[in-house]
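Trainee: Chains A and B, in that order, give the protein sequences.
Residues in the first sequence are numbered from 1 upward in steps of one, following the numbering used here.
Residues in the second sequence are numbered from 1 upward in steps of one, following the numbering used here.
Calculated directly from the structure, the hints in this document are not laboratory data.
Some hints here could point you the wrong way.
[Unchecked claim] Using 30 angstroms as the maximum straight-line C-alpha spacing, the simulated DSSO-like pairs for lysine-lysine come out as follows:
#1 117(B) with 211(A)
#2 63(A) with 88(B)
#3 57(B) with 102(A)
#4 4(A) with 117(B)
#5 88(B) with 211(A)
Quick caveat: nothing in here was measured; it's all calculated off a predicted structure.
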Amino acid sequence: MFLKKQLPLLVAMFMGTMMIIQFFIPHPFSKNVYSTILDWLMIVTAFTLLIAVQSTVQMHITKIRRKVTDWQSSVIVLTALGITVFVGILGGAYAPTNILMKIFPNVQPGSDTPLMYLYIYFQTPMQATIFSLLAFYMASAAFRAFRARSFDATMLLITASIVTIGRVPIGQFFYANMPEVVEWILNYPSMAAQRGILIGVNLGMIATSLKIILGIERGYLGGGK
Amino acid sequence: MAISTSIWIWIAALLTLSIYSFLYKDNPFYKFSEKILVGISIGYTVSIYFHNTIIAKVWNPLVHDHNFLVIVPLILGLLMFSRLFKGKAYLSRIPIAFVVGTGCGMSIPSSFENLFKQVQGTMPQVFTIGNIIILIGVLSTLIYFFFSVEHKGIIGKVTRVGITFIMIGFGAAFGATIMARISLFIGRIQFLLGDWLGIIS
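So here's chain A without its partners, still in its complex pose (with noise of 0.2 angstroms):
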């Protein structure tokens, strides 16, 4: 039972008070506790992500098993993952490894990586590629969505479209101080808004992380006994 619900709520209120006291004390042994905690922090965050494609491997060994319908995803997904993990693990992220150059004696500490080729011939143009996709659909939407049916919608409607055209050269077409109306909209009434968000949204994650710390809030402990 200590093992199970006692010690994680005790690690949870332990790191969080430690970190909030280290934050007021401006010594060199607190930056050290604080970047050595950091460092540690990313360590297990790199043990949760392998579990995470762990289960993602898992998932699409289970489809191409049970052949479910579209299983030849499955095979490509894997393929994939697994080409780029072992270039990207043999090969090295920004610089070469010894065991590449070993390998291509033409490969020098300078040179791109294979993960590098992966990266930016594959990934950031499919990448920008879906990203890019999303204006049409935004586009029909919006204009499925946007009718001046109340005042409310009118006034986001009528921003949405005076920042987006104020942004492009037309807008100054159609009159000529478009882009200062466009800075004094993101400037004053929308800075008003997101201001007011973000003074509730950061007030939220004071309170969030107090329960957390306090074990009021045990949600991330998951269900079960």
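Place chain B on chain A using the hints.
Mentor: What follows is chain B alone, placed relative to chain A:
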């Protein structure tokens, strides 16, 4: 300019086109590219974590610098794998509590800092129309999100003003998001017509 002869540019261009083919309808080319993106994204993250964290922060300190303190987060990390064993899955709560507790402890001072910065920015040093708009907008937005009091009477009127400000904020955010997506689209078209086909310089 001429059409590109680089195989990498051709790969990037064909993957870009296969994703744009979704604008017509869902098809095998799009599905193929989508799955490749999923696999490569996960693989890339794993590789970066492996080199930046496992090698740089665990292997090197432990093997080369003999810093045995690293064993503590290593054990905590390994405890995450207890989730794979049914009877011992509860042990993974300890590293989760470590991550959550530390994150909360770090977020409280930084949230207070952000909060005070926002409050300070709201306080007008000079009474200009813009500063007064910000003051009214922030207060009315905050009152709109305050649900402990019923939104009736004077509070109701103030919340109406708050909703108007929120709508302007959302409209501006929506417009900015559309423009960000459009600029990505322009970037992809420039890549296809310039880097790949060599039609534009």
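Trainee: Are the hints correct? Go through all of them and say.
Mentor: Evaluated hints:
no., hint, in the structure
1, 117(B) with 211(A), "holds (24 angstroms)"
2, 63(A) with 88(B), "holds (27 angstroms)"
3, 57(B) with 102(A), "holds (25 angstroms)"
4, 4(A) with 117(B), "violated (40 angstroms)"
5, 88(B) with 211(A), "holds (27 angstroms)"
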